[in-house]
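A.B. asks: Residues per chain are reported as follows:
Protein chains: 2
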Amino acid sequence: MKKIRLLTPGPTPVPERLSLRMAQPIVHHRSPEFEQVFARCREGLSWLFQTKQDVIQLAASGTGAMEASLVNFLRRGDEAIVVDAGKFGERWGKLAKSYGVNPVTLKVEWGNAVDPGAVAAALKEHPNARAVFVQANESSTGVAHPVEKLARVTKNHPAILVVDAISALGAFDLPFDAWGIDVMVSGSQKALGLPPGLAFLAASEKAWKLNETADLPRFYFDLKRERDNQRKNQTAWTPAISLVEGLDESLQMFREEGLQACFARHERLARGARAGMQALGLELYSKAPSAAMTTVLAPQGTDSEKLVKHLFKQYGIKLVGGQEAAKGKIFRIAHLGYFDDFDMLVVVGAVERGLKDLGAKVQLGAGLAAAQAAMAEAGAPTGPQLRG
Amino acid sequence: MKKIRLLTPGPTPVPERLSLRMAQPIVHHRSPEFEQVFARCREGLSWLFQTKQDVIQLAASGTGAMEASLVNFLRRGDEAIVVDAGKFGERWGKLAKSYGVNPVTLKVEWGNAVDPGAVAAALKEHPNARAVFVQANESSTGVAHPVEKLARVTKNHPAILVVDAISALGAFDLPFDAWGIDVMVSGSQKALGLPPGLAFLAASEKAWKLNETADLPRFYFDLKRERDNQRKNQTAWTPAISLVEGLDESLQMFREEGLQACFARHERLARGARAGMQALGLELYSKAPSAAMTTVLAPQGTDSEKLVKHLFKQYGIKLVGGQEAAKGKIFRIAHLGYFDDFDMLVVVGAVERGLKDLGAKVQLGAGLAAAQAAMAEAGAPTGPQLRG
Numbered sequence: 001m002k003k004i005r006l007l008t009p010g011p012t013p014v015p016e017r018l019s020l021r022m023a024q025p026i027v028h029h030r031s032p033e034f035e036q037v038f039a040r041c042r043e044g045l046s047w048l049f050q051t052k053q054d055v056i057q058l059a060a061s062g063t064g065a066m067e068a069s070l071v072n073f074l075r076r077g078d079e080a081i082v083v084d085a086g087k088f089g090e091r092w093g094k095l096a097k098s099y100g101v102n103p104v105t106l107k108v109e110w111g112n113a114v115d116p117g118a119v120a121a122a123l124k125e126h127p128n129a130r131a132v133f134v135q136a137n138e139s140s141t142g143v144a145h146p147v148e149k150l151a152r153v154t155k156n157h158p159a160i161l162v163v164d165a166i167s168a169l170g171a172f173d174l175p176f177d178a179w180g181i182d183v184m185v186s187g188s189q190k191a192l193g194l195p196p197g198l199a200f201l202a203a204s205e206k207a208w209k210l211n212e213t214a215d216l217p218r219f220y221f222d223l224k225r226e227r228d229n230q231r232k233n234q235t236a237w238t239p240a241i242s243l244v245e246g247l248d249e250s251l252q253m254f255r256e257e258g259l260q261a262c263f264a265r266h267e268r269l270a271r272g273a274r275a276g277m278q279a280l281g282l283e284l285y286s287k288a289p290s291a292a293m294t295t296v297l298a299p300q301g302t303d304s305e306k307l308v309k310h311l312f313k314q315y316g317i318k319l320v321g322g323q324e325a326a327k328g329k330i331f332r333i334a335h336l337g338y339f340d341d342f343d344m345l346v347v348v349g350a351v352e353r354g355l356k357d358l359g360a361k362v363q364l365g366a367g368l369a370a371a372q373a374a375m376a377e378a379g380a381p382t383g384p385q386l387r388g
Numbered sequence: 389m390k391k392i393r394l395l396t397p398g399p400t401p402v403p404e405r406l407s408l409r410m411a412q413p414i415v416h417h418r419s420p421e422f423e424q425v426f427a428r429c430r431e432g433l434s435w436l437f438q439t440k441q442d443v444i445q446l447a448a449s450g451t452g453a454m455e456a457s458l459v460n461f462l463r464r465g466d467e468a469i470v471v472d473a474g475k476f477g478e479r480w481g482k483l484a485k486s487y488g489v490n491p492v493t494l495k496v497e498w499g500n501a502v503d504p505g506a507v508a509a510a511l512k513e514h515p516n517a518r519a520v521f522v523q524a525n526e527s528s529t530g531v532a533h534p535v536e537k538l539a540r541v542t543k544n545h546p547a548i549l550v551v552d553a554i555s556a557l558g559a560f561d562l563p564f565d566a567w568g569i570d571v572m573v574s575g576s577q578k579a580l581g582l583p584p585g586l587a588f589l590a591a592s593e594k595a596w597k598l599n600e601t602a603d604l605p606r607f608y609f610d611l612k613r614e615r616d617n618q619r620k621n622q623t624a625w626t627p628a629i630s631l632v633e634g635l636d637e638s639l640q641m642f643r644e645e646g647l648q649a650c651f652a653r654h655e656r657l658a659r660g661a662r663a664g665m666q667a668l669g670l671e672l673y674s675k676a677p678s679a680a681m682t683t684v685l686a687p688q689g690t691d692s693e694k695l696v697k698h699l700f701k702q703y704g705i706k707l708v709g710g711q712e713a714a715k716g717k718i719f720r721i722a723h724l725g726y727f728d729d730f731d732m733l734v735v736v737g738a739v740e741r742g743l744k745d746l747g748a749k750v751q752l753g754a755g756l757a758a759a760q761a762a763m764a765e766a767g768a769p770t771g772p773q774l775r776g
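Chains as they are written, first to last, in our numbering: chain A, 1 to 388; chain B, 389 to 776.
Pulled out of the complex, with its shape left as it was, chain A reads as follows (with noise of 0.2 angstroms):
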């Protein structure tokens, strides 16, 4: 017998009750039945991301998002930064250029997180750039981007701040309002424990002034009608129906849990992984960790694409390897989504062993033992933990 589990940053173990949910008879959109449905995922989804902006749902998977968050907002030969410091920061600049809309790179080193200042300095030399995009978390390489600090930046400048939040939302606090977010777009299968195909935007105050002018071309990306059907409960186009359901029951977990204990959880989670590959004498890879992943080079002379592979094959337990830059040099342990402290003690083990396996020097138990130090040295769960 081998037990499937899955650890990655997406798609993300779904909980049993979503299942359930998600296998109920489906529901006719237009209908009232599932307006009620949607009024509470508009305001769960609002809770969620800490606004009092609408957050408009689209039927599609993470970078369709992007796009809208793009192609709502700028106009054909505008200017934007685009943060790149992993393969979903590349992803903006393709996209701009896609639309015409001219990119200025801020190329980061893999690993390392975006300095602030270059940012400012970046807007300074381009007065007429309209936005700055960025990872919260760039999925790549598992580095966190110092989101409230970009925003202090962009507040008093004619560009808006747009954040990929696809896996950090939900995982970390990103609140929207506070910080002075100006759009922000997530997606169903990270934090959320949704299969792919729905994804999530708001946009603030700012951003919606630019919409009024925004040129580029776009129908089913069309924030502005999605904006104005939503607000009535219904979308423009048929919307993913069972994930809508989905999302309503993984909505209502997070309130049973509550938002700082859901932080508090992923923060602890963050802190076992990481422990229990430094007692193992590695390196992690992420100059600036977030709470949604671990990434971790693998020890001199082993490939991490063969440990990947040996432990899905051997022991059922599913990481994922490098992007490009980073393949075959380290591997990433998700942490963000159904995830508690006792899969954290699963997946350390399973890196024990996949090592050990592999010839690699470890002291099996090393990492379990600090993981387990780290996360009761964190706290006990608060709360009542109803995820289940």
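A few of these clues could be false.
Listed below are several chain B residues computed to face chain A (Cβ distance under 10 angstroms; list not exhaustive) [unchecked claim]:
#1 Ile392
#2 Thr396
#3 Glu404
#4 Ser407
#5 Leu408
#6 Ala411
#7 His416
#8 His417
#9 Arg418
#10 Thr451
#11 Gly452
#12 Met454
#13 Pro584
#14 Gly585
#15 Phe607
#16 Ile629
With a cut-off of at most 25 angstroms between alpha-carbon atoms, the simulated SDA-like pairs for lysine to any residue come out as follows [claimed, not checked]:
#17 Lys309/A with Arg418/B
#18 Lys391/B with Lys697/B
#19 Lys594/B with Arg463/B
#20 Lys327/A with Arg619/B
#21 Lys287/A with Leu368/A
#22 Lys313/A with Glu423/B
Keep in mind that the hints were calculated from the coordinates and are not lab data. From a predicted model like this one, the values you see are computed outputs, not experimental measurements. Ideal placement from N, C-alpha and C gives every residue a C-beta, glycine not left out.
Dock chain B against the given chain A, drawing on the hints supplied.
C.D. replies: For chain B alone, kept in the frame of chain A given last:
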């Protein structure tokens, strides 16, 4: 106790087998396990589209695929013939304008099919038109447009024929290669019996040729990028994993039933529904009724919206009324998807009861007897009906 029964043209009921499959633990999309599923879906979709071309999957609802069918093949300033015979035909025109394509709109009275001669004339008058946009089944009216004849018209013209088969694919015959259709789009929540959120698109050689010079901006819906990825059983962006799993199961159910048997079943149900309604003295709304749905004029003095609401409130039977021009005038019975003869008895019986409740003159049982006779005459289900 009130049993809820969905008889709407999308979403359609999800077979239990598909729900169970989609409730299985989620699989990572960048894995050999998922690639196997994806490969089977690719093969099954080509079989269902009756084409040797790639059928591309998109994480979006149908309108997303409609957008893809425009932005990947046309140039800014191009002319395109738009068949506007209802709400979905109208959408083609709006979509075209959003991207700077000039629609030449052929307005067709609601309830009627387009005359292929009118399309030929429009192409003669607009020799630079690069596309003809049409619905296979116009869901707002229940009209089947003459796709085969339209394909003969576009065959010797530079324009491509773009067919919205969202509510038609799998319900009646639309052999993509044999008829010479150029682009055809569909969605998951219709005959395939899945929740919405997955869309499909096939393109002919002629269309791919146009793709080489197409200059409309696109990123999320870039079909060339998707095709290159999907040939390797991957997707450019995160796919709607659970729906793809469900698709694999749905296509398997189609194979077990057989394509011709499936079309025959839809035709038989359509005959039953039409005979039932006519035996109640009701007039069909569609002058070219499709096998996907039956649209019916409510009797004089009866508001169809009122009937639809009453049927759901009193009996849990969900039909839909008319949209825009047909609002209050018609109701629509869907029989595309997971339906059999006995579902038609249920819906005809419900309409009889509902009309009687609202004071219309109907002879209880007359519709049922006629539906029963028409379906029996159309022949018993052929082949193994394993869609359970």
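A.B. asks: Hints first: check each against the structure and report whether it holds.
C.D. replies: Hints, verified against the model:
no.	hint	result
1	Ile392	holds (7 angstroms)
2	Thr396	holds (5 angstroms)
3	Glu404	holds (9 angstroms)
4	Ser407	holds (4 angstroms)
5	Leu408	holds (7 angstroms)
6	Ala411	holds (4 angstroms)
7	His416	holds (5 angstroms)
8	His417	holds (7 angstroms)
9	Arg418	holds (7 angstroms)
10	Thr451	holds (4 angstroms)
11	Gly452	holds (5 angstroms)
12	Met454	holds (8 angstroms)
13	Pro584	holds (5 angstroms)
14	Gly585	holds (3 angstroms)
15	Phe607	holds (4 angstroms)
16	Ile629	holds (5 angstroms)
17	Lys309/A with Arg418/B	holds (12 angstroms)
18	Lys391/B with Lys697/B	holds (15 angstroms)
19	Lys594/B with Arg463/B	holds (15 angstroms)
20	Lys327/A with Arg619/B	holds (23 angstroms)
21	Lys287/A with Leu368/A	holds (23 angstroms)
22	Lys313/A with Glu423/B	holds (16 angstroms)
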